[in-house]
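Asker: The primary structure of each chain is shown beneath.
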Amino acid sequence: MAHNNRMKMKNKKILKIYVRLIILLLIISSGCSGSKTTPDRSKGEEPLNEQKKLIEKNISNEIKKAEMLKLVDEFQLDLESFYIYYTKHRERMTTLHRSYDTTSEQFEQARNEFIPKYKQFLSTVISIRMKLRDLSTQDEWKAISKITKTYIPPKDYREN
Amino acid sequence: MLTSILIVTLFLGGSNTYLTSVGKDMDKKIAAVIEDEKQQKEIQALVEEAQDFLKYYNSNILYVLQNGQMINSEYKSEVEDFNLWVDILSSEREEYMEKLEDIHLKLVKSMTKEQWNLIVHPVE
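Going line by line, the protein sequences match chains F and S.
The numbering used here applies: residue 31 is where the first sequence begins, and numbers increase by one.
The numbering used here applies: residue 409 is where the second sequence begins, and numbers increase by one.
The set of hints was computed from the structure by calculation and includes no laboratory data.
The reader is advised that the hints may include incorrect statements.
Lysine-lysine pairs mimicking DSS-like chemistry, simulated, CA-CA at most 27 Å apart [stated by the list, open to error]: (1) S:K437 - F:K147; (2) S:K436 - F:K161; (3) S:K514 - F:K118; (4) S:K507 - F:K149; (5) F:K176 - S:K484; (6) S:K507 - F:K147; (7) F:K118 - S:K463; (8) F:K83 - S:K507; (9) S:K484 - F:K94; (10) F:K100 - S:K484; (11) F:K172 - F:K83; (12) F:K149 - S:K449; (13) S:K484 - F:K118; (14) F:K149 - S:K484; (15) F:K82 - S:K484; (16) S:K484 - F:K172.
In isolation and in its complexed conformation, chain S is listed as follows:
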């Protein structure tokens, strides 16, 4: 059953922001749209912060899931043994959402709406 738990929780744990969906081309877009060097560095730093955080988050989730695997494999494990695991998994997810919100709001502050639309809403 834990295989399912892991699959489900992980496949529900992914990122869904422009920071990852267009992350690969973000640097190029920022460089193309933002002329001011100071502003460009500020924005790039925020994008890097988000990407570093995602790596940290994914690493943490790995340990949480390993712990879930161990609890599950124990025949005698009871609901109480899973409570902390659920709390950690949920709080990791909450922290993930908060952090990306925070970076989003900082990015918005760091550029004009026109710049934003050019970077985040590329013509597809």
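One chain only, chain F, in its complex shape:
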């Protein structure tokens, strides 16, 4: 039922962009390239830098602009902190999944520790989004929400 509801949420207009995004990020994160098993920090920072550029370009009030840039910088620190935690979590999960002797209780413990932190991080992201929104007008929000780059080099995407 929930899956069907999600299916309905499909927006064809943005599908192509996100299919590209998904493919690149899955390559980055899933180890499709073979030995790569750690997330690439620069891929998380790049859109934040783009966000800052959009704020600098589109927010006319200098005080609000400074506040917004400060918020994005703060988020960068949150991202850095979560990145460190997540890298450790991945290493832990890799160790658990490689061991023949891992018990279901060990998996459960790791899961129960990770999910609340993941959820908390998402809440932080949304909280900062709300603060940015509150500091901008509707038109400014539209401008700074624009995606100007797909983060996908054309050669990395093959649409069959």
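For this one, chain F is given, so just place chain S on it according to the hints.
Answerer: Just chain S, lined up with the frame of chain F:
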């Protein structure tokens, strides 16, 4: 901001098990180590199940993120509008972890420790 959200959540959403890190060579390793045909098929079926699940998971995440994009682009969206999105994203991640744990435990049951070490711990 949603670009960041998408990047962050997706780049945090990837797989990190031997099923994907050595997935490409898994069939060859299983065939080389497991002589019993029935056992070999059983193990291959579990690996395929994991790989199918990962495709399903990645597809689901796409829709969840699209929904997040739509909520975000609405200037009037409030925290409450994101709550369901966060719940879905988290539960997808939880389901992902549970499923791979389940397959891991089934794989362990289906082979000896020696076989496991030969398949999952190849000499690098």
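Asker: Indicate, hint by hint, whether the structure satisfies it.
Answerer: Right, here's what the structure says about each hint:
Taking the CA atoms of K437 (chain S) and K147 (chain F), the gap is near 36 Å; set against the 27 Å cutoff, the hint is violated. A C-alpha spacing of about 53 Å is found between K436 (chain S) and K161 (chain F), which places the hinted pair above 27 Å, so the restraint is violated. Restraint check for K514 (chain S) and K118 (chain F): the C-alpha separation of about 25 Å stays at or below 27 Å, so the hint holds. Our distance criterion of 27 Å between C-alpha atoms is met by K507 (chain S) and K149 (chain F), whose separation comes to about 19 Å.
In summary, the hint linking K176 (chain F) to K484 (chain S) is supported, as the alpha carbons are separated by about 16 Å, within the 27 Å threshold. The straight-line distance between the Cα atoms of K507 (chain S) and K147 (chain F) is roughly 20 Å, inside the 27 Å bound, and the hint therefore holds. Distance restraint check for K118 (chain F) and K463 (chain S): the Cα-Cα separation of roughly 25 Å lies within the 27 Å cut-off, and the hinted pair is therefore satisfied. Taken as a hint, the K83 (chain F) and K507 (chain S) pair is broken in the structure, with Cα atoms around 41 Å apart against an allowance of 27 Å.
Pair hint K484 (chain S) plus K94 (chain F) holds up; C-alpha atoms about 19 Å apart against a cutoff of 27 Å. About 22 Å separates the Cα atoms of K100 (chain F) and K484 (chain S), which keeps this hinted pair within 27 Å; it holds. Between K172 (chain F) and K83 (chain F), the direct Cα distance comes to roughly 14 Å. Compliance with the 27 Å bound is thereby established for this hinted pair. Straight-line distance between C-alpha atoms of K149 (chain F) and K449 (chain S) comes to about 38 Å, which puts the hinted pair past the 27 Å bound.
Among the hinted pairs, K484 (chain S) with K118 (chain F) is inconsistent with the structure: their alpha-carbon atoms are about 37 Å apart, more than 27 Å. Only pairs whose Cα atoms come within 27 Å are accepted, and K149 (chain F) paired with K484 (chain S) is accepted, the gap being roughly 23 Å. Restraint check for K82 (chain F) and K484 (chain S): satisfied, since their Cα atoms lie roughly 22 Å apart, inside the 27 Å limit. About 11 Å separates the Cα atoms of K484 (chain S) and K172 (chain F), which keeps this hinted pair within 27 Å; it holds.
The earlier numbered hints that this structure contradicts are 1, 2, 8, 12 and 13.
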